[in-house]
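Respectively, the protein sequence lines represent chains A and B.
First residue of the first sequence? That's -15 in our numbering, and the numbers climb one at a time after it.
First residue of the second sequence? That's -15 in our numbering, and the numbers climb one at a time after it.
Just to be clear, a hint being listed does not mean it is correct.
What the hints assert, rightly or not - Restricting the straight-line Cα-Cα distance to at most 25 Å, the calculated cross-link-like pairs of lysine-lysine (PhoX-like) are:
(1) B/Lys105 x A/Lys80
(2) B/Lys80 x B/Lys105
(3) B/Lys24 x B/Lys304
(4) A/Lys80 x A/Lys141
(5) A/Lys105 x B/Lys105
To be clear, the hints were calculated from the coordinates, so they are not data collected in a lab.
It should be emphasised that the depicted structure is a prediction, and the values quoted were computed from it without experimental measurement.
Number of protein chains: 2
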Amino acid sequence: MKEFDEYLSMVNEAIANLRLPSEPSGLYDPIRYTLDCGGKRLRPVLTLAACEAMGKEPMAAIHQAVAIEIFHNFTLLHDDVMDNADVRRGRPTVHKKWNEETAILSGDAMLTTSSMLLGIKAGERLSQAMELFNGTAMNIYEGQQYDMDFEHRLDVKVEEYMEMIRLKTSVLLGCACGMGALMADAPFETQVQFFNYGVNLGLAFQLQDDYLDTYGDPATFGKAIGGDILNDKKTWLLIMALQEDTSGTIKGLIGDNSRPEEKIGTVREIYNKLALPDRIHELIRAYIDTAISCLDHIELMPEARAFFIDLALKSATRNK
Amino acid sequence: MKEFDEYLSMVNEAIANLRLPSEPSGLYDPIRYTLDCGGKRLRPVLTLAACEAMGKEPMAAIHQAVAIEIFHNFTLLHDDVMDNADVRRGRPTVHKKWNEETAILSGDAMLTTSSMLLGIKAGERLSQAMELFNGTAMNIYEGQQYDMDFEHRLDVKVEEYMEMIRLKTSVLLGCACGMGALMADAPFETQVQFFNYGVNLGLAFQLQDDYLDTYGDPATFGKAIGGDILNDKKTWLLIMALQEDTSGTIKGLIGDNSRPEEKIGTVREIYNKLALPDRIHELIRAYIDTAISCLDHIELMPEARAFFIDLALKSATRNK
């Protein structure tokens, strides 16, 4: 097994060597811009690591790893159009820097590019790889749809929310892990355990994201704090507060952004009173424990096991 | 070989039996709406016919045929957002009936659905089918990008225009034909000839579309005549006129929609004076001849040959 950063270098090198056509530049420049964005590259690293953990060279899964990363960036690109977001990772979003048509079309081309990469050197695993990849993609669209549906609802249940983030965010981490195992010809049962590890990691990851958006340090988190609160975003925190805040204060603040700083402060106070920061961390820890327990069902060398445990623990305590 | 309408029934039945999930309805209802639109279904019929012409049951290619039809409808859906079109086949477009986010996300889901269908019962042809399909998709995005680029240019050359419609429209007909041959395990050379037949058919088809938009009978064509002229769309007709109209009248009318009916009349008169209606039909006929000559390189039963010749001739003379 290698360090996270070594897998990361492999991914970044493969992305730098993609050699997209130069023309029409209106189609390909925004793709280059999007892929040049940095980002954690957590998903493709998981693919390479899972592949190596199952006894194959990590580079055996490099095309599938990059396919998943490009797919992930495609979803961000189209989500930014749908959410009308101006900034992504500190830079203007594609539809702001270019325009909406460009963002739609370049996103489509990224989705097809990811499908092309998926097939490279997949051999007899191609059919299974496509099923895993396409099934995951459909889940992600469903998750995004539920997320948009929740905007218009005040009665979202916490189980609905967990199912939404499972679809929208977590299955792609599961897919990334399962894909690595598949490319290493691991038994199907092992692929499933890797998939489940990734899904639980993803749930923990998203809940930590929710936490950081309200409680993070803006300097390390890299964006303004309280965005979810101002957008009345139905996060785990808000859903729990809507359910438990008998004073009705939270409900009264929905849609009211007349005093933004005060709103963030008030909502945060209610969260604190309900002990939500502690409770969300308990929940995150439970998902991390579940993720780690999936590893028990996989025959892993100690250093591989340590890699995935370490990654899970770091995800639960990350501050950016 | 069967009649066009028999293949059409197979396609329509397969689409009706797709069984998309019911929830989230915000994602899947627009897909059902889009696929329920009618449309010529020319592409999937070509796939089934090419498969049968190469000696296999047409239903051996049904999933791939439907994949191509869903892909085609996905491109229309996203194009309508990019072009801000209100009406498609006499009904409100998805982004008008729902909203833009829905149109983007449902389109994405259609693209992935088409990729899923492509893999069903493809067996050992899967890798080749994906290459043909994804390569075609990339061409189509490139064509759409060029089409959008042309909006801002007055100096588009006719060769650039032909390359644009080859990419945006024609290769998908080529892909549809080639896919049918592939699914029947026809030799690669035969697949290429079928592909080329489809591409030339597609060029003729698009030029006839350009002609009908200006000279069609609104009652049979199904939409208002002169839309391309009012949008200053760089069609073959406008590009030739911009090049040959030494009076400068055409150039002066670009961007000027103060008197729409008069503009349509004036532009049409210039087209007539330059004999463009006759000349575009010569060109269409030349592409049809090229399409038919591709069939000479394929070992075809007489009735299969007749089917594809008939289809080509009808495309060149269609009035809707």
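Structure-based check of each hint:
With a C-alpha separation of about 42 Å, the suggested pair B/Lys105 and A/Lys80 falls outside the 25 Å cut-off, and the hint is violated. The straight-line distance between the Cα atoms of B/Lys80 and B/Lys105 is roughly 37 Å, outside the 25 Å bound, and the hint therefore fails. About 10 Å separates the Cα atoms of B/Lys24 and B/Lys304, which keeps this hinted pair within 25 Å; it holds. Between the alpha carbons of A/Lys80 and A/Lys141 the distance comes to roughly 34 Å, so the proposed pair goes past 25 Å and is violated.
Of the supplied pair hints, the one linking A/Lys105 and B/Lys105 holds, its CA atoms being roughly 20 Å apart against a limit of 25 Å.
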